[in-house]
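K.L.:
Sequence:
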Amino acid sequence: MSYLYLTILFPLIGFVLLAAGRNKLPENVAAIIGAGSVGLSALFALIAGMDFVQQGSVAQAQHLWTWFNVGGFAPGVSLHLDGLSLLMMGMVTGVGFLIHIFATWYMRGEEDFARFFSYFNLFVASMLVLVLGDNLALLFLGWEGVGLCSYLLIGYYYQNPANGFAAIKAFTVTRVGDVFLLIALFLLYQQFGTLHIGTIVANASQVLALDHNLALITSLMLFLGAAGKSAQIPLQTWLADAMAGPTPVSALIHAATMVTAGIYLCCRMFSVFEMTPEVMQFISITGAVTLLVAGFAALVQTDIKRILAYSTMSQLGYMFMAVGAEAYQAGLFHMLAHAFFKALLFLSSGAVILAYHHEQNIFKMGGLFYKNKFLFACFAIGGGALAAIPFITIGFFSKDAILGAVWAQGQSVALYNSLYWVGVAGAFLTSIYTFRLISVVFFGEEKTHYHEIKGATYWAPLGILAVLSTGLAYFLKAPVMNILNAAHIPAFEVSQAIEEGMHGAEHLAVGIALVGLAVGVVLFAFAYKAVQGFAATSFGAGLANICRNAFGFDSLYNLVFVQPYLLIAKILGRDPIDGLWLVLPAIVNSGNKFTSTRQTGSLREYASSMSLGVVVLLMILIVIQVVGK
Numbered sequence: 009m010s011y012l013y014l015t016i017l018f019p020l021i022g023f024v025l026l027a028a029g030r031n032k033l034p035e036n037v038a039a040i041i042g043a044g045s046v047g048l049s050a051l052f053a054l055i056a057g058m059d060f061v062q063q064g065s066v067a068q069a070q071h072l073w074t075w076f077n078v079g080g081f082a083p084g085v086s087l088h089l090d091g092l093s094l095l096m097m098g099m100v101t102g103v104g105f106l107i108h109i110f111a112t113w114y115m116r117g118e119e120d121f122a123r124f125f126s127y128f129n130l131f132v133a134s135m136l137v138l139v140l141g142d143n144l145a146l147l148f149l150g151w152e153g154v155g156l157c158s159y160l161l162i163g164y165y166y167q168n169p170a171n172g173f174a175a176i177k178a179f180t181v182t183r184v185g186d187v188f189l190l191i192a193l194f195l196l197y198q199q200f201g202t203l204h205i206g207t208i209v210a211n212a213s214q215v216l217a218l219d220h221n222l223a224l225i226t227s228l229m230l231f232l233g234a235a236g237k238s239a240q241i242p243l244q245t246w247l248a249d250a251m252a253g254p255t256p257v258s259a260l261i262h263a264a265t266m267v268t269a270g271i272y273l274c275c276r277m278f279s280v281f282e283m284t285p286e287v288m289q290f291i292s293i294t295g296a297v298t299l300l301v302a303g304f305a306a307l308v309q310t311d312i313k314r315i316l317a318y319s320t321m322s323q324l325g326y327m328f329m330a331v332g333a334e335a336y337q338a339g340l341f342h343m344l345a346h347a348f349f350k351a352l353l354f355l356s357s358g359a360v361i362l363a364y365h366h367e368q369n370i371f372k373m374g375g376l377f378y379k380n381k382f383l384f385a386c387f388a389i390g391g392g393a394l395a396a397i398p399f400i401t402i403g404f405f406s407k408d409a410i411l412g413a414v415w416a417q418g419q420s421v422a423l424y425n426s427l428y429w430v431g432v433a434g435a436f437l438t439s440i441y442t443f444r445l446i447s448v449v450f451f452g453e454e455k456t457h458y459h460e461i462k463g464a465t466y467w468a469p470l471g472i473l474a475v476l477s478t479g480l481a482y483f484l485k486a487p488v489m490n491i492l493n494a495a496h497i498p499a500f501e502v503s504q505a506i507e508e509g510m511h512g513a514e515h516l517a518v519g520i521a522l523v524g525l526a527v528g529v530v531l532f533a534f535a536y537k538a539v540q541g542f543a544a545t546s547f548g549a550g551l552a553n554i555c556r557n558a559f560g561f562d563s564l565y566n567l568v569f570v571q572p573y574l575l576i577a578k579i580l581g582r583d584p585i586d587g588l589w590l591v592l593p594a595i596v597n598s599g600n601k602f603t604s605t606r607q608t609g610s611l612r613e614y615a616s617s618m619s620l621g622v623v624v625l626l627m628i629l630i631v632i633q634v635v636g637k
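Using the working numbering, count along the sequence shown one by one with no gaps and you end on 637.
Source of the hints: derived by calculation from the structure; they are not laboratory data. Among the hints, erroneous ones may be present.
What the hints assert, rightly or not - Straight line, CA to CA, 16 Å or less: simulated EDC-like cross-link-like pairs of lysine to aspartate or glutamate:
id, residue 1, residue 2
1, Lys32, Glu118
2, Lys455, Glu367
3, Lys381, Glu460
4, Lys32, Glu119
5, Lys455, Asp311
6, Lys537, Glu460
7, Lys379, Glu454
8, Lys372, Glu454
9, Lys372, Glu453
10, Lys379, Glu460
11, Lys379, Glu453
12, Lys372, Asp311
13, Lys32, Asp120
Unchecked claim - Cβ pair distances, simulated, as ranges:
id, residue 1, residue 2, range
14, Trp75, Ala499, 32 to 40 Å
15, Gly541, Leu580, 21 to 29 Å
16, Glu118, Leu54, 29 to 37 Å
Just so it is clear, the structure is predicted and the values come from calculations on it, not from any experiment. Glycine included, each C-beta is placed from N, C-alpha and C at the ideal position.
Sequences are here, hints too, so could you generate the full structure?
P.N.:
Below, the structure written as structure tokens:
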């Protein structure tokens, strides 16, 4: 336990060294510092985890110092290790280390190599602060740190204005969610007098029962904060555009770290949510709608990374649906499985992109199966896990557990029965777009010349993640459930009366997913010309356009929020109040310009001006005299 702080310290040291060295560090040195610091973090995470298990999986706390003390509010920089934080810590450091190793290969030759790894290290450190903090104030610090690093990494290629806009969009949209989370923290402190997570979770049933409306608002604010980080409707629009960053960034953000923060928050604060069944149902509905919208969007994308981005959004929807159905352990296990196979898919896509000279359009690739069998195997395993192919992939064991739990919950609450079918429909869509992706990239006609790729730092991370994405990883389920039970994360209880029906629902979901795979095979292997013909019709093109734009959320937000904001900013940018005070200087300046033009040196003009002035004065005097009488 005494080593726990080192898991955060090493990435921070790496960040400082890399930030200080910048362009002065050789690539090899920067790679060793960047990947090595996270590797040491993973090592000490392993040591802390082994010590934790040997001590009976009893929650432990490590107080480092008091952060600040204002009016009796004194949050500490204190680390908390239980089953849930151990799961998150292992996932962040383990998968993060593999991504760092791959990045040392992928980013070779890129400008500001050290700067990239400095951001990468800070990102990991921030995520560890988020998952290990024992109070919500420290969690929020890590939460904001992750948001800052995502902005820096997404906009890494800032020379392209589009990438800068993508970074700003991600930062802005997630900040909206962060505001809701901050409001939730204010409300929790008002009700509990503390932000210590353990105290809030233990006393939620007593404190929140005093005012249901206040509990409802608090739970809703917490969820909206989580929805921003985990890209759930209505705060999902940033995720697809975040693909502007380098591919290892996509793997780190969308697999093992940032997007899982919302799931972690909901599971950590489960007792708060359980006091408001209405919010629990809303969480499941949001997850279900998100997974369906993302599934349709992924069907028609042409960018390999955007397809995977929408698949991430969809899988996160399954996790939130599980949280809303009180199947926390199923959702967390799917989160772990998703970290494995989605990191595998993103890193594999990075290798594909480099093999095709940084080409990301899948229809400009093709024929990769005949060029690189290893890459095909990795992509097929990752895609199979995403589509939840039975028994041979880890995705089967995690996703079906969620759908089974939702079906079981639907036996008492009718809403969840409908959500189960939405989840099944999402699995059907997932199988189709996954096969489409693999078919086009690996078996389509080669459109871009293939470039040979090699190196241990390329294939080793892919190989490890490929093994972890197969059905062999099922052996992780039992220890994961054990440590979550020790952390008092509720297990989903099923009565014997509906247990058989739940298994039937799981089998049905598997069957429909396989039907989706068969449909994908038929459409893209045997009837692709018919698909192209349909897409060429006005109806097909319109439908494809709606799906490609993810049902127009970006356009709607641009119309409702962005353009009015820009208009107001334009008006205020001119500063009308300050403009009023500038009237007098403008008059004086105009008078100065006029009089200056009269300084000609001509006696004739001076005499004429004096005569005109005398005439004007006389007229004024006459008028005054007349009016006075």
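K.L.:
Work down the list of hints and note, for each, if the structure agrees.
P.N.:
These are the hints, each one checked on the structure:
{"no.": "1", "hint": "Lys32 x Glu118", "result": "14 Å, holds"}
{"no.": "2", "hint": "Lys455 x Glu367", "result": "10 Å, holds"}
{"no.": "3", "hint": "Lys381 x Glu460", "result": "12 Å, holds"}
{"no.": "4", "hint": "Lys32 x Glu119", "result": "12 Å, holds"}
{"no.": "5", "hint": "Lys455 x Asp311", "result": "15 Å, holds"}
{"no.": "6", "hint": "Lys537 x Glu460", "result": "31 Å, violated"}
{"no.": "7", "hint": "Lys379 x Glu454", "result": "10 Å, holds"}
{"no.": "8", "hint": "Lys372 x Glu454", "result": "7 Å, holds"}
{"no.": "9", "hint": "Lys372 x Glu453", "result": "9 Å, holds"}
{"no.": "10", "hint": "Lys379 x Glu460", "result": "8 Å, holds"}
{"no.": "11", "hint": "Lys379 x Glu453", "result": "12 Å, holds"}
{"no.": "12", "hint": "Lys372 x Asp311", "result": "10 Å, holds"}
{"no.": "13", "hint": "Lys32 x Asp120", "result": "10 Å, holds"}
{"no.": "14", "hint": "Trp75 x Ala499: 32 to 40 Å", "result": "34 Å, holds"}
{"no.": "15", "hint": "Gly541 x Leu580: 21 to 29 Å", "result": "52 Å, violated"}
{"no.": "16", "hint": "Glu118 x Leu54: 29 to 37 Å", "result": "31 Å, holds"}
Of the hints listed earlier, those the structure fails to meet are numbers 6 and 15, in rising order.
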